[in-house]
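Take the given structure of chain A and dock chain B with the ligands to it, following the hints.
Sequence lines, in order, name chains A and B. To convert, count from 1 in the first sequence and add 24; that's my numbering. To convert, count from 1 in the second sequence and add 925; that's my numbering.
Errors might be hidden in some of the hints.
[Claimed, not checked] Cut-off 20 Å, straight-line C-alpha distance, at most; resulting in silico cross-link-like pairs (PhoX-like, lysine-lysine):
hint: 1; chain 1: B; residue 1: K1066; chain 2: B; residue 2: K1114
hint: 2; chain 1: B; residue 1: K1169; chain 2: B; residue 2: K1124
hint: 3; chain 1: B; residue 1: K1066; chain 2: B; residue 2: K1113
hint: 4; chain 1: B; residue 1: K934; chain 2: A; residue 2: K36
hint: 5; chain 1: A; residue 1: K31; chain 2: A; residue 2: K50
hint: 6; chain 1: B; residue 1: K934; chain 2: A; residue 2: K31
[What the hints assert, rightly or not] One-sided and incomplete, this derived list gives chain B residues near chain A with beta-carbon spacing under 8 Å:
hint: 7; residue: M926
hint: 8; residue: L927
hint: 9; residue: L929
hint: 10; residue: Y932
hint: 11; residue: H940
hint: 12; residue: S942
hint: 13; residue: P945
hint: 14; residue: C947
hint: 15; residue: T948
hint: 16; residue: G950
hint: 17; residue: I951
hint: 18; residue: P1106
hint: 19; residue: G1143
hint: 20; residue: I1147
hint: 21; residue: W1152
hint: 22; residue: R1154
[Said to hold, decoys possible] Examples of chain B residues toward chain A, derived with CB under 10 Å:
hint: 23; residue: E931
hint: 24; residue: T933
hint: 25; residue: E938
hint: 26; residue: T941
hint: 27; residue: G946
hint: 28; residue: H953
hint: 29; residue: R954
hint: 30; residue: L1062
hint: 31; residue: I1063
hint: 32; residue: A1071
hint: 33; residue: S1075
hint: 34; residue: R1110
hint: 35; residue: P1146
No lab work stands behind these hints, which were simulated from the structure alone. Just so you know, these numbers come straight off a predicted model, no measurement behind them. All residues carry an ideal CB built from backbone N, CA and C; glycine is no exception.
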Amino acid sequence: MPQIFVKIDAEKCKGCNLCVEACPKKILSSGRDARNKYGYRAVTANGSEDCTGCLNCALMCPDGAIAVYKRQ
Amino acid sequence: MLPLFEYTKGMREEHTSYCPGCTHGIAHRLIMEALCERGELGRAIGVVPIGCSIVAHNYMNVDMCESMHGRAPAIASGIKRVHPDNIVFTYQGDGDLASIGTGEIIHAAHRGENFTTFFINNAVYGMTGGQMAPTTLIGQKTTTTAGGRSEAANGKPLRMAEIIATIESAAFVERVSLDSPANVRKAKKATLRALETQKAGVGFSFVEFLSTCPTNWGLSPIASLEWLRTDMIPYYPLGNFKTKEIGR
Ligand SMILES: Cc1ncc(C[n+]2csc(CCOP(=O)(O)OP(=O)(O)O)c2C)c(N)n1
Ligand code: SF4
Ligand code: SF4
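In isolation and in its complexed conformation, chain B is listed as follows:
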């Protein structure tokens, strides 16, 4: 019997605490598949955030470190400087990275720290019950914007990939989406290229994943993928924003 697809050894055989249909699980798998394929599982070190994925260290089969809210980039900077030959990454939600931790991520990119950040943008604070995030869309109802986010009161959502791409020392920046098999395949490619950028020592690499939160969006898992496509992608365009040449 020839396996065409088996769950990656990069994920532990654990039942995750993520809600049914939450695409955090797809993002986890892609990152671990990429590390596994590159033979980096035994040498990768991850830093997990505060948010639903605070428990990612129970699922990702690599060495991992917890961080305070938004501070994963500072911890990853330290780990990478002490262990320059190991692959180091952070995995962060939009409440973590684009709100309380905005300064941390901007300055990690600014210093050109040679690690990779996987940013999970689900347009809401998931873990704490669906409050508005800086990435919440105009008109989107959350527990703190009951009538929908308004531009007058809350401004317009932050586009983190575009912001990071303007920073000179950022080497690789791409936004991908987890809404369909074709986009999941592209997300895997971006993940691999980010890791290659780090491996080659070119500088800071950043992949933004558009992801779902069916529970706090109040939609079924399938309707959530649809909302991601019809509402999120038009505001958060997919694609590569920056690729510095990997020197040979």
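Looking at chain A on its own, in the form it has when it is part of the complex:
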């Protein structure tokens, strides 16, 4: 189980992909799933072990859709 994981709030995400671009480990991908209630396709996190918790995605998100946690 990955120690660090990225949580996306699919209702807040506007699908701008700034986080996808900012992630050095390519953990995030553009949304292909159903649209949220505002009509945006939220990005998804692949839950990979590669995440280092650099927070680049969260720093670039203009919409507060990203939280990052470490399992203890």
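Below, chain B with the ligands without anything else, positioned relative to chain A:
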């Protein structure tokens, strides 16, 4: 579970009206994170402009006041003089601050008003549909410069941070950019230092954020960050233009 990053309590849990990828949202978050970290959320008073961020009071979790176009510095001056112990700030776009409100910001700095201005330079009038701003770059196409801004017809863009830095009573002036995680981290530091300047009563503090407007630039959010880097930063150099010592 240990949170490494959670959205700041300084922002309300609202869906913002900003376009996808617009970096107004990053600027909002940084200012609110800084106020939250300094324990000033309950005591900060913001003044919002006319422009896309006219609605910022719906999102920033502090007391806020609307202003007429370009007049936020006058209102902030009054609020700060009546409430000297509260952190007071304005949040203004380049149409608001560098065009209709140029006189207001110059004289707030000139009087050394002890508040902080966060200036969002996205090189265009966003809210009204992408007209030329005083900060629009030479050659940049806007709805009022269809062939690109020309120096002969429109002059060269205003560099507000440099202008404010020449004013004696301005105490802290820095230009930052929201184009990358590293620059967002620097922008946060400048925001904190501006607030410290105000807290110490040293004088007027000013942070210019280079920001994107994907909608009116006609670019994707990612291409907008790239344009900011390749076209805006060379004309608007990043860095600190002025820091008056905070007396101990
Ligand atoms: C007195 C007055 N003049 C003009 C306008 C029209 N107007 C609304 S917003 C705006 C410019 C906004 O641009 P900017 O300050 O760059 O903010 P942005 O929307 O790009 O964030 C203008 C000219 C107005 N509302 N009031
Ligand atoms: S940066 Fe935020 S709003 Fe943009 S795609 Fe990523 S999670 Fe969604
Ligand atoms: S019009 Fe431009 S500045 Fe306004 S919210 Fe949209 S992208 Fe942001």
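Which hint numbers doesn't this structure obey?
As far as the earlier hints go, 1, 3, 12, 19, 21, 22, 30, 31, 32 and 33 are violated by this structure, in ascending order.
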